[in-house]
Amino acid sequence: MPRETAPSLNEKLFFQKALEENLRIDGRAFDQFRALELEFGDEYGVADVRLGKTRIHTHISAQVTAPLPEKPFDGLFTLTTELSPMASPAFEVSRPTPTELLLSRLLEKTIRRSQALDTESLCLLAGQKVWAVRADVHVLSHDGNLVDAASIAVIAALQHFRRPDVSVEGESVVVFGLEEREPVPLSMLHFPLCVTFSFYDLGGGAGEEEGEMRVLIDATSSEEMLRDGGCTVGMNRHGEVCQIAKLGGVPVDAVVLLNCIAVAGQKVREISDFVKGRLESDRKKRDKGGWMEELRAENDRVS
Amino acid sequence: MTISAEPSATLSHLYRADGSATFSQNGYTVIGAVNGPIEVQRRDELPEEAAVDVIVRPAAGVGGTRERHLESILQSTIRQIILIHNFPRTLIQITLQITSTPENDSASSKLVQASSNLPILPTLLQTTVLTLLSASIPLAMTLASISFAINSTGSSRKIIRNPTLEEFQAANSVHVLAFTSNGQLLVAESEGSFTLEVWDEVYEIGKDFCCDVTEPAGDDIMQQDGLDGNTGGMAFVRSTLEHKVSADLHWKD
Amino acid sequence: MAVSMERFVLPGESLDAEYLPSHPTLPLKLGPGLRHIPPNTITPTVAGQLCSDKRKNAVWVEFNGGRYIPTVGDLVIATINRPSPEFYYASLSDYAPQATLPNLSFEGASRKTRPQLQPGALVYARVSLANKHMDPELECVSSSTGKSDGLGPLNGGMLFTISLGMARRLMLPRPAEQGRVVVLDEFGAAGVSFEIAVGRNGKLWVDSTSLKTTLAIGKAIQETDLKGLNPEEQKKLARKSMKDF
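Chains as they are written, first to last, in UniProt numbering: chain A, 1 to 303; chain B, 1 to 253; chain C, 1 to 245.
Be careful, since some hints might not be right.
Listed below are the simulated DSS-like cross-link pairs for lysine-lysine, each with C-alpha atoms no more than 30 Å apart in a straight line [claimed, not checked]:
#1 B:K252 <-> A:K53
#2 C:K219 <-> B:K252
#3 A:K17 <-> C:K243
#4 C:K147 <-> C:K132
#5 A:K12 <-> C:K212
#6 C:K54 <-> C:K29
#7 C:K240 <-> A:K53
#8 A:K53 <-> C:K212
#9 A:K12 <-> C:K227
#10 A:K129 <-> A:K71
#11 C:K243 <-> A:K53
#12 B:K252 <-> C:K29
#13 C:K243 <-> A:K12
#14 C:K235 <-> A:K53
#15 C:K219 <-> A:K17
#16 C:K147 <-> C:K112
#17 A:K17 <-> C:K240
#18 A:K12 <-> C:K219
#19 A:K109 <-> A:K53
#20 C:K227 <-> C:K240
#21 C:K227 <-> B:K252
#22 C:K56 <-> B:K252
#23 B:K252 <-> C:K54
#24 C:K227 <-> A:K53
#25 C:K243 <-> C:K212
#26 C:K212 <-> A:K17
#27 A:K53 <-> C:K219
#28 A:K246 <-> A:K12
Calculated Cβ distances over 12 Å to all of chain C for the following chain A residues [to be verified]:
#29 D48
#30 V93
#31 R95
#32 G127
#33 Q159
#34 S167
#35 V215
#36 Q243
#37 V250
#38 A254
#39 N259
#40 D287
By construction, these hints were calculated from the structure, which means they are not laboratory data.
Every residue, glycine too, gets a C-beta built ideally from N, C-alpha and C.
Just chain A, same shape as in the assembly (with noise of 0.2 Å):
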């Protein structure tokens, strides 16, 4: 298995330093995140997040499918995240590594279990015809905190992305297609984001004392592989908690998880307004452009 280097002692030990004197190796605050941006593609649904030097890119696309069996009414929401050697050479296609069954745990917790998106309004015809909703997240460079990152990517995107407009007259469903009506939104109840928090052990021990233990919003790479423990927190603007995931790492005092959820609930808020900007801007840009749209499909009728 191609193996990455792990960082050298003098590494360690410096950036253990920079910790004690609450330095950061790329000098940001402990409870900072890196540059945040964020791109829509020309296609509806089409998402690309930069995070520092992360990047991911998601795709969300939308079939019609008949439903489970045991839920009718519902219909179907896919997360896959299949990690590529494009973001690193450790990565295989067919081998899941634990980072991306990780990755693709937290994210269904946080956006599929907690219903962000509304399956009950996939539903076309109960029991036959429903929405099928799929969103892939693909990973283009890997420089640490792929959750948070992915979180929202996939979030913005399912708030860009539009269906095909439907009508449903007794048995039959009708699609339209993009040029015969106005695609339709997807309906979500909430729109939770993920906050990761690394955890480094200066007491060299059980951690008990105060202050010996350092905490990190959004690491980098070299980061998370000296990090002693993380934890990350699921939750959307309101305060409401999606998941708490916690697993295995030094073991952290109840009171640093609190303060964790507090700071995590601060941060999605304003990633929630950023993300909740983007979209405005985007929209504005394409009704500039939806107007010459029109015109255009008046010419595909003509010729």
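Once you have looked at the hints, place chains B and C on chain A.
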């Protein structure tokens, strides 16, 4: 949404990969990344040459038979231009992520499944070449690729260069050719019904187009109907790389 | 220094004789980026700028490459992975085959007194063997003189990753003049004391009096590399980061 017929490319923008390129043409956008030469698994190790691995990922969904077919064409082509004998028992790994395609109805990529693999093949080939050049992996030669759609009505023939998806689907036959910088033919994939004469004509036009490094004069392009004023494939590769190299070497006098 | 930069080349292009230097007595030396197809063809293998040195009768292609390929004589910074009875296994770049460093290849080392290197330790070494059929080998001592010449373990400090082109610039005989890297001189002129080691495999080791200065120097080089800063901008960057301390 205007689909631009002019190709555009960005190089070396991915952090982890040894080389990367994003290339768009005719509505197709592909992001490519290459890593290598890196350590290879024992089972894939070749004693005299580097193993070349190509992975194609579609925009929506996980890869299926179509992607495997594209991968096999790309792999057999690319291993002929990389100097694989310089790096025995290593691996050169190329990943191509398709990010956008000009499917006419984007209700779902499965409803309007393009029946052919060929439309995206030139874009994939071009992205691969740009990615390899950006990683400075030693190559024996470069490659340029082009696609044609032929519409035969009676005795007259209309040859469309770099056709759009609609032109592709409406044509009698479609052809994808790739030439090396030395003028050798590496890829020739065709679908549809055509005669050998048609193929010969396509071969000649393709060769001129791909290997012509100079900018075509305005008049030469207006030979047949429906041709855009595209610059030659090789010329595009050259100008893109020239920009990158001069930016990299800005410190030299 | 009769180095001239002629033209941009792509792999597989044929090179006319006029672009190649000629010398009455010295044979033509081919540097990186070129290959020889017998009997008379010389062709580039990468995209870059063709450079030649008339005095040494050498020709090569200048490019900023992706991955480091070990070449004999290069000075590199290696990370020790694990020891073994005969040598240490060290890595030069991620995911590449490991290199070996003999246990006794240090100055004044014998079976009884030799440095014990931990996994994760950094060493400044020279590549002593590199060919396509074998894993590379390193040495920390000059095989002819037995002296270390500055090679050996690197203690303390911090490691930064830089591009191969930047490593080459820093290793030129006069980096400020030929490589246009002035940021180190700026720090030195301001009285900051530091020590650096540059590995041709794209690694930079910096050690200075305080953490802040070490970080500032390393990051200044990385930024010069990433953003392609010219000397003026480098000076501004150095001054700005020195305001912190």
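Now the hints, each set against the structure:
no.: 1; hint: B:K252 <-> A:K53; verdict: holds (28 Å)
no.: 2; hint: C:K219 <-> B:K252; verdict: holds (22 Å)
no.: 3; hint: A:K17 <-> C:K243; verdict: holds (22 Å)
no.: 4; hint: C:K147 <-> C:K132; verdict: holds (28 Å)
no.: 5; hint: A:K12 <-> C:K212; verdict: holds (16 Å)
no.: 6; hint: C:K54 <-> C:K29; verdict: holds (11 Å)
no.: 7; hint: C:K240 <-> A:K53; verdict: holds (24 Å)
no.: 8; hint: A:K53 <-> C:K212; verdict: holds (23 Å)
no.: 9; hint: A:K12 <-> C:K227; verdict: holds (27 Å)
no.: 10; hint: A:K129 <-> A:K71; verdict: holds (12 Å)
no.: 11; hint: C:K243 <-> A:K53; verdict: holds (27 Å)
no.: 12; hint: B:K252 <-> C:K29; verdict: holds (21 Å)
no.: 13; hint: C:K243 <-> A:K12; verdict: holds (27 Å)
no.: 14; hint: C:K235 <-> A:K53; verdict: holds (26 Å)
no.: 15; hint: C:K219 <-> A:K17; verdict: holds (17 Å)
no.: 16; hint: C:K147 <-> C:K112; verdict: holds (18 Å)
no.: 17; hint: A:K17 <-> C:K240; verdict: holds (24 Å)
no.: 18; hint: A:K12 <-> C:K219; verdict: holds (17 Å)
no.: 19; hint: A:K109 <-> A:K53; verdict: holds (26 Å)
no.: 20; hint: C:K227 <-> C:K240; verdict: holds (16 Å)
no.: 21; hint: C:K227 <-> B:K252; verdict: holds (15 Å)
no.: 22; hint: C:K56 <-> B:K252; verdict: holds (19 Å)
no.: 23; hint: B:K252 <-> C:K54; verdict: holds (17 Å)
no.: 24; hint: C:K227 <-> A:K53; verdict: holds (14 Å)
no.: 25; hint: C:K243 <-> C:K212; verdict: holds (11 Å)
no.: 26; hint: C:K212 <-> A:K17; verdict: holds (11 Å)
no.: 27; hint: A:K53 <-> C:K219; verdict: holds (16 Å)
no.: 28; hint: A:K246 <-> A:K12; verdict: holds (23 Å)
no.: 29; hint: D48; verdict: holds (20 Å)
no.: 30; hint: V93; verdict: holds (16 Å)
no.: 31; hint: R95; verdict: holds (16 Å)
no.: 32; hint: G127; verdict: holds (51 Å)
no.: 33; hint: Q159; verdict: holds (33 Å)
no.: 34; hint: S167; verdict: holds (54 Å)
no.: 35; hint: V215; verdict: holds (20 Å)
no.: 36; hint: Q243; verdict: holds (33 Å)
no.: 37; hint: V250; verdict: holds (20 Å)
no.: 38; hint: A254; verdict: holds (32 Å)
no.: 39; hint: N259; verdict: holds (26 Å)
no.: 40; hint: D287; verdict: holds (36 Å)
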